[in-house]
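Peer 1: These protein sequence lines are chains G and D, in that order.
Sequential numbering from 1 applies to the first sequence in my numbering.
Sequential numbering from 1 applies to the second sequence in my numbering.
Please keep in mind that the hints were generated in silico from the structure rather than gathered at the bench.
Please read all numbers here as calculations on a predicted model, not as lab measurements.
Ideal Cβ placement from N, Cα and C applies to all residues, glycine included.
Be aware that one or more of the hints could be misleading.
[To be verified] DMTMM-like cross-link-like pairs, simulated, lysine to aspartate or glutamate; straight-line CA separation at most 20 Å:
id	chain 1	residue 1	chain 2	residue 2
1	D	LYS98	G	GLU272
2	D	LYS33	G	GLU272
3	G	LYS273	D	GLU354
4	G	LYS259	D	GLU275
[Said to hold, decoys possible] Here are some chain G residues pointing at chain D (derived, C-beta under 7 Å):
id	residue
5	ARG37
6	GLU64
7	GLN66
8	LEU114
9	PRO118
10	GLY120
11	GLU189
12	THR192
13	ALA267
14	PRO356
15	TRP359
[Said to hold, decoys possible] Just so you have them, the derived chain D footprint on chain G, three or more residues with Cβ under 8 Å:
id	region
16	24-35
17	71-84
18	244-250
Number of protein chains: 2
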Amino acid sequence: MLLLSNEEIESLVSVESCLGSLERAYKAHADGKAINRPRSDLYLPGTTANGVYAFKSMEGGLVESQLVALRLNSDVIRWERRGDRLVKEKGAVAPGGKWVGLILLFSAQTGEPLAIFPDGVIQRWRVAGTGALAARYLARDNASVLGIYGAGWQASAHVPMMCGVRKIKKVQVYSPTETRRIAFCNEMENKTGVSVVPVASPEAARKDADILVAATNAVSRVIAPGWLVPGVHVTCVKTSELGDETIRRADRVVIHTRKLAPENYIAGLGDEKIECHDPVEFLQGQKSHGSLTAEAPFWADSPELKDIVAGRIPGRESAGEITCFINNIGLGLQFAALGGAVYTEARRKGIGREIPTDWFLETVHP
Amino acid sequence: MLLLSNEEIESLVSVESCLGSLERAYKAHADGKAINRPRSDLYLPGTTANGVYAFKSMEGGLVESQLVALRLNSDVIRWERRGDRLVKEKGAVAPGGKWVGLILLFSAQTGEPLAIFPDGVIQRWRVAGTGALAARYLARDNASVLGIYGAGWQASAHVPMMCGVRKIKKVQVYSPTETRRIAFCNEMENKTGVSVVPVASPEAARKDADILVAATNAVSRVIAPGWLVPGVHVTCVKTSELGDETIRRADRVVIHTRKLAPENYIAGLGDEKIECHDPVEFLQGQKSHGSLTAEAPFWADSPELKDIVAGRIPGRESAGEITCFINNIGLGLQFAALGGAVYTEARRKGIGREIPTDWFLETVHP
Numbered sequence: 001m002l003l004l005s006n007e008e009i010e011s012l013v014s015v016e017s018c019l020g021s022l023e024r025a026y027k028a029h030a031d032g033k034a035i036n037r038p039r040s041d042l043y044l045p046g047t048t049a050n051g052v053y054a055f056k057s058m059e060g061g062l063v064e065s066q067l068v069a070l071r072l073n074s075d076v077i078r079w080e081r082r083g084d085r086l087v088k089e090k091g092a093v094a095p096g097g098k099w100v101g102l103i104l105l106f107s108a109q110t111g112e113p114l115a116i117f118p119d120g121v122i123q124r125w126r127v128a129g130t131g132a133l134a135a136r137y138l139a140r141d142n143a144s145v146l147g148i149y150g151a152g153w154q155a156s157a158h159v160p161m162m163c164g165v166r167k168i169k170k171v172q173v174y175s176p177t178e179t180r181r182i183a184f185c186n187e188m189e190n191k192t193g194v195s196v197v198p199v200a201s202p203e204a205a206r207k208d209a210d211i212l213v214a215a216t217n218a219v220s221r222v223i224a225p226g227w228l229v230p231g232v233h234v235t236c237v238k239t240s241e242l243g244d245e246t247i248r249r250a251d252r253v254v255i256h257t258r259k260l261a262p263e264n265y266i267a268g269l270g271d272e273k274i275e276c277h278d279p280v281e282f283l284q285g286q287k288s289h290g291s292l293t294a295e296a297p298f299w300a301d302s303p304e305l306k307d308i309v310a311g312r313i314p315g316r317e318s319a320g321e322i323t324c325f326i327n328n329i330g331l332g333l334q335f336a337a338l339g340g341a342v343y344t345e346a347r348r349k350g351i352g353r354e355i356p357t358d359w360f361l362e363t364v365h366p
Numbered sequence: 001m002l003l004l005s006n007e008e009i010e011s012l013v014s015v016e017s018c019l020g021s022l023e024r025a026y027k028a029h030a031d032g033k034a035i036n037r038p039r040s041d042l043y044l045p046g047t048t049a050n051g052v053y054a055f056k057s058m059e060g061g062l063v064e065s066q067l068v069a070l071r072l073n074s075d076v077i078r079w080e081r082r083g084d085r086l087v088k089e090k091g092a093v094a095p096g097g098k099w100v101g102l103i104l105l106f107s108a109q110t111g112e113p114l115a116i117f118p119d120g121v122i123q124r125w126r127v128a129g130t131g132a133l134a135a136r137y138l139a140r141d142n143a144s145v146l147g148i149y150g151a152g153w154q155a156s157a158h159v160p161m162m163c164g165v166r167k168i169k170k171v172q173v174y175s176p177t178e179t180r181r182i183a184f185c186n187e188m189e190n191k192t193g194v195s196v197v198p199v200a201s202p203e204a205a206r207k208d209a210d211i212l213v214a215a216t217n218a219v220s221r222v223i224a225p226g227w228l229v230p231g232v233h234v235t236c237v238k239t240s241e242l243g244d245e246t247i248r249r250a251d252r253v254v255i256h257t258r259k260l261a262p263e264n265y266i267a268g269l270g271d272e273k274i275e276c277h278d279p280v281e282f283l284q285g286q287k288s289h290g291s292l293t294a295e296a297p298f299w300a301d302s303p304e305l306k307d308i309v310a311g312r313i314p315g316r317e318s319a320g321e322i323t324c325f326i327n328n329i330g331l332g333l334q335f336a337a338l339g340g341a342v343y344t345e346a347r348r349k350g351i352g353r354e355i356p357t358d359w360f361l362e363t364v365h366p
C-alpha cells in the first residue's frame, strides 16, 4: 500500500491530467459508469474545549479505472463572530498543529486498499478543476481575460486551471491586502507564463473580463449583479460569493450536483439526519431538529455539470449569453478521479512510501 | 498511530469489557451522548469477473471516550443459487486470498487518527455482544439452558457472550454436520467451562432451553413458532432465521435499530439511494430504481435496544413472557465502543505495531 504526502502529490499531476480525469469521471457518471455516496457529517459536541468535533466522509467509484475512493475529514471546528460575520474555523489541533483530511483508495477488482494520502492538494485541485471544466463548456471560446477575487489557496489553483481550458492572455487579481495580491500575482505569473496583474479595486478586476472567478473566504457577496455583462462566464467556490441577485442575472446556470447539502448527524439531536449546509444553529442549541425547514434555492433544479459534460444539456449557445457555474458541494467521485490519477502517476514514477498491504487485510470472513 | 491484527485484538478484550463498553455506548446513545451515521453500501457492477464490488461504511462516535470510529468493508460479492436458496458470498480476492474490512479510530479531541485494525474479530464480538446485552434485559434472571443453532463464527462468539449475562449451566448445540458440531462443543466447553453438548436434531437443541440463539448462515427459518414456549427468550443474527410467524409468537419484541436497511448507491441506477437489505435484484437488472416498494416489517416500530438499556422501556416484566431480540442491522456506534475498548487495552499493554501519526496529518488547511 502506498502512502503519499501533499508535496509528492503536488509534483505528480498536471493541469491537463487533472482536467482530463475529471472530465472522464463526469462523463462516466452521466453514463451510469460511476457512483457517488453523498457527503455525511457526523458531529460530536462536548468532546473538547477547542470546539465541536466533525467527521466528514464521502465516497465515489469509477468503473473505467476500477477504483473507489473514500475521502474523510476529522476536524475540530469553531464558529467565531467577526464583526457581522460568522466565520467557521478548522482548528489545527492534531499533533504538531496539523489537520486531518485523508483519501483512501481501493481496488474494485480485489477490494484491497491501494493507497492512503492527505486530501489537501487534491481538495484544492478538484474544486478549481471542476470550476475550470465547467468553464470549458460555458465560457466563450475566445475568452482571454480572467478576473479573479481572492489570493489564497483556492484562487491559486483556479488561475492555472482556467488557463488550461481557455487561451487566457491576462489575469486581473483583486484581494483586499495589497502585499498579498502582489505576491500572488508574481507567483501565478511564474507558474502560468501569463500576465497576472494585481488591481486595487474589485471593479478593476472585472473590467473587460470574459471569466469571473470568486475564490475567497467571504460569506457575503463578492460579485455584484451589475458586473455580469453579456458574454461573461462567472463561477464561485461558495454560493454566498455570488448571492441570489447575481445568479439571477445569468441566462444559463449549471450546478455541480442537485444533492444540495450534506447529511448531518448530531449527537443530542437523535439519529435522524439534518440536511443543511452548516448546522451551526443546531449545534449551538438554537434550533431543534423538528425546526428544520429545507428551503431549496431557486437554482436547485438547474442542470448538473455531468449533463453538460456528457452533451445531454447544451453548454453556452451564443456569444452574448451570461453563464454561471455554481460549484455547490463536493462529490466523492472527484476524489476517485483525481486520487486515481495521482496513484497511477505515483506508481509509474515510483514515488511514495510503501507499507505492507497485508497489514490491512484479514483471513477471517467479516 | 497503532496497527493491530485480529490475533492481537482477540487477546485484548474480555467478554466483560465487551459487554460493558457496549452497554455504556447504548446508554450514551439514548442520552444524546453518542452519534451514529447509518450504513451505506456503494455498488460498482462490471468492474471484475469475480462479482460485484461493494464498499460498505458506517460511523459512530462517543462523547465519553471522545472517540469516533469508521468501519468499512471493501468486498467483491457474488450471489449463487444453491438449490432453492440464493447465497451471498464474499470472495477472498485480495492478495493472499484475503478479505478487506477495517476500523479506523479517531480522537474527537484532536481529530488525529489513533488506530487502524481489521474488523473481523470485533465484527463477531459486536454481533454476539449486542445479542447478549439484549438477553441481559430480556431473558429470565434464572435462565440456565442455552439452545444454539449454528457452529460457526457467529455461534462461537454467542456462547461465551451469553454465559457473560446469565449463569448458563448447559449449552445445547445443533448444526447439520455432526463432526463440526462435536468439534465446536469441545472448543466452547474448553473456553467457557460450561457443559456444551452436541445434539442430533433441531428439536433437541430447544428442549428445556431458556434462551434460543440462531447464529447460522441460513436464509430460511431455523426456529419454528411452536418452539417458543412461555418464559423463553429468542434471538438471531438474521431475521430470516426466525421469520414473521416465529416473531409474532413473542409477547415482547425489541430490535437493534429502527433504521432497518442500508442506504445503497448503485452505479447505473442514478444517484438516488435505494434503501433495502440486499439489492441483488437491482444489481442484476431485474428491478429498476423506480420499482422499489419499501414494505416495513410488522416489527419495524418495536423499541430499540438503547431504550431498554437506558430504562426508558421495560425489559422482561414477568417470568412467563416470550421475548425476542431482532439484531437487525449494525451500527457504527458498536465499532466506536468496541474499537475504543480494544485501543485502550492495547495502549495499556503496549501491544500492536506503531507507525508515525504524522504520515496521516497535513499542514494545509483542507
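Peer 1: Which numbered hints turn out to be false for this structure?
Peer 2: 1, 3, 6, 8, 11, 12, 14 and 18
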